[in-house]
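Number of protein chains: 2
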Amino acid sequence: MEKASGGIQETTLKATIAYDGGAYVGWQRQISGMTVQQRLEDVLKQLAGRIVTTHGASRTDQGVHALGLVVGWKWDLKRMPVEQLRRALNGLLPADIRVLKLARAKAGFNARFDAKWKLYRYRILNRDVADPFRRAGTWFIFGKMDVKAMRKAAACFVGKHHFGAFAVNPGYERTSMVREIRRCLVRSKGDEIQIEVEGNAFLYKMVRSMVGTLVEVGMGKRPADSIRTLLVSRDRRQAGKTAPPQGLYLVKVFYRRSAARVIP
Amino acid sequence: MEKASGGIQETTLKATIAYDGGAYVGWQRQISGMTVQQRLEDVLKQLAGRIVTTHGASRTDQGVHALGLVVGWKWDLKRMPVEQLRRALNGLLPADIRVLKLARAKAGFNARFDAKWKLYRYRILNRDVADPFRRAGTWFIFGKMDVKAMRKAAACFVGKHHFGAFAVNPGYERTSMVREIRRCLVRSKGDEIQIEVEGNAFLYKMVRSMVGTLVEVGMGKRPADSIRTLLVSRDRRQAGKTAPPQGLYLVKVFYRRSAARVIP
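So the protein sequences, as listed, match chains A and B. Residues in the first sequence are numbered consecutively from 2, following our numbering. Residues in the second sequence are numbered consecutively from 2, following our numbering.
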């Protein structure tokens with residue numbers, strides 16, 4: 002329990018939300034278009050009667066989806082208890098955003114700064130004909146891909162590397178571009194090829210640049226071990242194209258056990 | 002090979018198509034709005050340079066989907082061979098319609114009149130929170146349902162019955178309302194309850210009326226064996242509400258072996 006300026010007793014809440022990113026320019030509030038954060042904060046404001054600021058574990062880019070983004074905000078539980086708030090949010094939010102879980106977090110919990118690992122999944126539909134039902138959630142690629150070569154290439158991403166060759170925005174060059182990837186897997190799942198990347202942080206369009214490059218490996222356009230050379234080059238122009246956003250999902254955010262603790 | 006009026010050699014083709022029905026008033030051409038048939042015939046006309054009439058195995062209602070509707074039409078293979086035609090169709094059709102398979106059928110094959118059984122699936126999402134990614138493909142129902150009771154109720158539909166209690170349009174009363182159901186199953190699949198109905202033919206909104214009634218059984222609003230009484234009543238007002246269209250899929254059309262034969 003923390004004290005807010007107005008003397009209101011505020012508790013930090015931890016929400017796990019899912020959204021179809023198709024209609025949004027991303028999670029994080031910006032002037033260029035509608036965001037998931039804005040939708041959520043608008044509803045929270047309605048329910049609280051004043052402005053509520055939220056913190057998301059990750060920005061997601063325009064059109065990217067979330068299966069489990071963690072978001073935190075401070076809340077006066079006397080105004081509305083947790084389970085009632087969750088239901089009210091789901092009743093007022095548009096159908097493409099849902100609060101899956103909501104719980105009290107440890108005081109001082111910050112969804113963004115306490116996040117330790119983030120898991121992203123990219124879904125590629127790899128068969129001879131597109132699927133009307135998965136066009137908004139996968140990248141359709143015609144022509145059998147070499148999954149074995151993609152796996153070999155993906156393994157090269159694991160570890161701490163400078164990801165200059167896989168980041169789009171040159172503005173990043175001012176700060177460190179070293180990121181750690183602890184898992185990068187390629188799996189066949191029916192007619193889909195799914196790429197899972199787990200890292201401590203990601204540069205702008207980094208996962209999609211990695212996926213675009215792995216796809217070129219799968220198509221035989223570049224050898225699997227070229228990933229090592231690319232990482233060393235730090236040159237974005239040498240890597241593959243950025244994969245389209247509709248195949249990308251933020252799956253899960255991992256926290257240190259102490260930060261993640263949820264109060265029943 | 003058949004002779005058309007203009008002396009063109011025409012072959013009957015058999016297509017298996019999938020579509021997301023969300024944007025259409027159904028399969029069958031009508032003046033009230035855009036249909037899947039119109040989209041397909043518009044593209045066929047473009048490719049053939051003249052009007053091509055198609056026959057679908059089933060009308061589907063507004064907003065209902067298909068995973069495998071069978072459609073037939075006559076085609077001059079000299080103008081474009083089968084595999085090339087399939088690719089051209091998928092290249093020109095909107096992304097919510099796809100031709101999965103295309104093959105030469107036996108002369109005289111009629112997708113509609115030769116159809117023997119049709120399999121429909123209805124998907125209910127039954128958990129405590131909706132899913133942004135399945136809102137256009139399932140019926141979300143909050144509150145645990147009694148699947149066992151639904152199964153018992155579904156079994157009552159199997160056989161030849163007068164389906165007056167499960168058909169919306171009174172215009173049907175002029176013709177026979179007896180239909181045969183050879184399979185009606187309810188299965189739990191993760192957080193979904195799926196209802197599969199296989200019958201020789203269906204009245205207008207019949208599957209969705211059956212589903213709406215089974216859902217009321219699952220919610221404990223009516224006993225499982227009330228289905229028998231309902232069938233005998235032939236009174237639509239006594240059955241459950243019509244389930245919404247977005248959960249319904251035409252899965253497969255079955256033909257007599259002789260009619261289904263595809264020529265390689």
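Please keep in mind that the hints were generated in silico from the structure rather than gathered at the bench. No experiment lies behind these values; they were computed from the predicted model shown. Just so you know, not all the hints are guaranteed correct.
Note that the list lumps identical chains together, so a pair holds whenever it fits in one copy or between two copies.
[Stated by the list, open to error] List of simulated lysine to aspartate or glutamate pairs, EDC-like, C-alpha gap at most 16 Å:
1) K222 x E11
2) K102 x D132
3) K75 x D43
task = Provide an ascending list of the numbers of those earlier hints which the structure does not satisfy.
result = Those not satisfied come down to hint 1.
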